[in-house]
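J.: Sequence:
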Amino acid sequence: MLIHPWDAAHDEGEWRSWLAAHDFGQLAVNGAPGEPPWVQPMHFRYEPDPGPYGQAIAHLARPNPLWHDLEQHPVVLLSVVDDYVYVPGHWTAPEGSPSTHGTPTSYYAAVQLRCTAHVVEDPEEKAALLNRQVAHFQPEGGTAEVRPAEPPFGRMLAGIRVLRLEVTDVRAKFKYAGNKPQDVQERVSAHLAERAGPGDAAARSHQTRRRATGPTAAG
5 MLIHPWDAAH DEGEWRSWLA AHDFGQLAVN GAPGEPPWVQ PMHFRYEPDP
55 GPYGQAIAHL ARPNPLWHDL EQHPVVLLSV VDDYVYVPGH WTAPEGSPST
105 HGTPTSYYAA VQLRCTAHVV EDPEEKAALL NRQVAHFQPE GGTAEVRPAE
155 PPFGRMLAGI RVLRLEVTDV RAKFKYAGNK PQDVQERVSA HLAERAGPGD
205 AAARSHQTRR RATGPTAAG
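First residue of the sequence shown: 5, per my numbering; consecutive thereafter.
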């Protein structure tokens, strides 16, 4: 993923805050030589500890075909992308230029977690990690805890495998036209508010926030 200086996260807190609210991504696992990687969509729970970058917890069905290659190649990538919109070219034309000279573009936020995958098979550890994952998505409760050999979910433990993804590096990108002049950014922001389509409010919020908190904000 290409990250220009103006698209980079302003600090570690920016990507951490964003990731805390985005918990569905795609896990990429290297396949056999000459074959494409496995790409598995999945929910996950991100935890800021342990280590400098934290970890992600997920689970997949035991029959999933990626397990063999994951065990052979435990270095994986968890990719999370959201808050994306298409920006028409006529919104972005430089001041004084014909609107048809504007460049169409995409706005989006993306965080890529390079991880070492650890497959968890111990029933007690699996249950504990599954309960933590459910607690993230259902803080209100409403689902029985998983306990090995106990109903209602104990017998289902054998049918899944839990992944503990130890994050070893992070690449974060917030592509919201940080290199464009302020008048162009404000024009695009106004158009996003007017269009009010899927993702427009989130993209506009990122654009406004980054303009106010970026390295050039004080100037």
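These are computed hints drawn from the structure, not numbers from a lab. This structure is a prediction, so every number in the text was calculated from the model and none was measured. Note that CB positions come from ideal geometry on N, CA and C, so glycine has one too. Some hints here could point you the wrong way.
20 Å max Cα-Cα, derived EDC-like pairs, lysine to aspartate or glutamate [what the hints assert, rightly or not]:
| hint | residue 1 | residue 2 |
| --- | --- | --- |
| 1 | K184 | D11 |
| 2 | K130 | D53 |
| 3 | K130 | E99 |
| 4 | K177 | D73 |
| 5 | K130 | E154 |
| 6 | K177 | D15 |
| 7 | K130 | E75 |
| 8 | K177 | E75 |
| 9 | K177 | E154 |
| 10 | K130 | D86 |
| 11 | K130 | D15 |
| 12 | K177 | E18 |
| 13 | K130 | E51 |
Here are the simulated distance ranges between beta carbons [said to hold, decoys possible]:
| hint | residue 1 | residue 2 | range |
| --- | --- | --- | --- |
| 14 | S209 | H8 | 12 to 22 Å |
| 15 | H122 | P45 | 14 to 24 Å |
| 16 | W10 | G163 | 26 to 36 Å |
| 17 | S209 | P155 | 39 to 49 Å |
| 18 | P102 | W10 | 46 to 56 Å |
| 19 | S209 | G100 | 21 to 31 Å |
| 20 | D173 | G145 | 28 to 38 Å |
| 21 | Q142 | T104 | 47 to 57 Å |
| 22 | N183 | A148 | 27 to 37 Å |
| 23 | R175 | P78 | 34 to 44 Å |
J.: Please go over all the hints and tell whether each is borne out by the structure.
T.: Against the structure, the hints:
1. K184 - D11: Holds - the C-alpha atoms of D11 and K184 are around 11 Å apart, at most 20 Å.
2. K130 - D53: holds (18 Å)
3. K130 - E99: violated (58 Å)
4. K177 - D73: With Cα atoms ~28 Å apart, K177 and D73 exceed 20 Å; violated.
5. K130 - E154: holds (14 Å)
6. K177 - D15: holds (11 Å)
7. K130 - E75: holds (17 Å)
8. K177 - E75: Between K177 and E75 the Cα gap is close to 29 Å, so the pair fails against 20 Å, i.e. violated.
9. K177 - E154: Since the Cα atoms of K177 and E154 sit roughly 44 Å apart, the hinted pair is violated (cutoff 20 Å).
10. K130 - D86: violated (29 Å)
11. K130 - D15: violated (34 Å)
12. K177 - E18: Distance of about 10 Å is within 20 Å: holds.
13. K130 - E51: Holds: K130 and E51 sit about 16 Å apart, inside 20 Å.
14. S209 - H8: 12 to 22 Å: holds (21 Å)
15. H122 - P45: 14 to 24 Å: holds (21 Å)
16. W10 - G163: 26 to 36 Å: violated (47 Å)
17. S209 - P155: 39 to 49 Å: holds (45 Å)
18. P102 - W10: 46 to 56 Å: Violated, since P102 and W10 (Cβ atoms, about 25 Å apart) do not stay within the stated range.
19. S209 - G100: 21 to 31 Å: holds (29 Å)
20. D173 - G145: 28 to 38 Å: holds (35 Å)
21. Q142 - T104: 47 to 57 Å: holds (50 Å)
22. N183 - A148: 27 to 37 Å: Violated, since N183 and A148 (Cβ atoms, about 51 Å apart) do not stay within the stated range.
23. R175 - P78: 34 to 44 Å: The hint (34 to 44 Å, Cβ to Cβ) is violated, given that R175 and P78 are roughly 19 Å apart.
Of the numbered hints stated above, those contradicted by the structure are hints 3, 4, 8, 9, 10, 11, 16, 18, 22 and 23, listed in ascending order.
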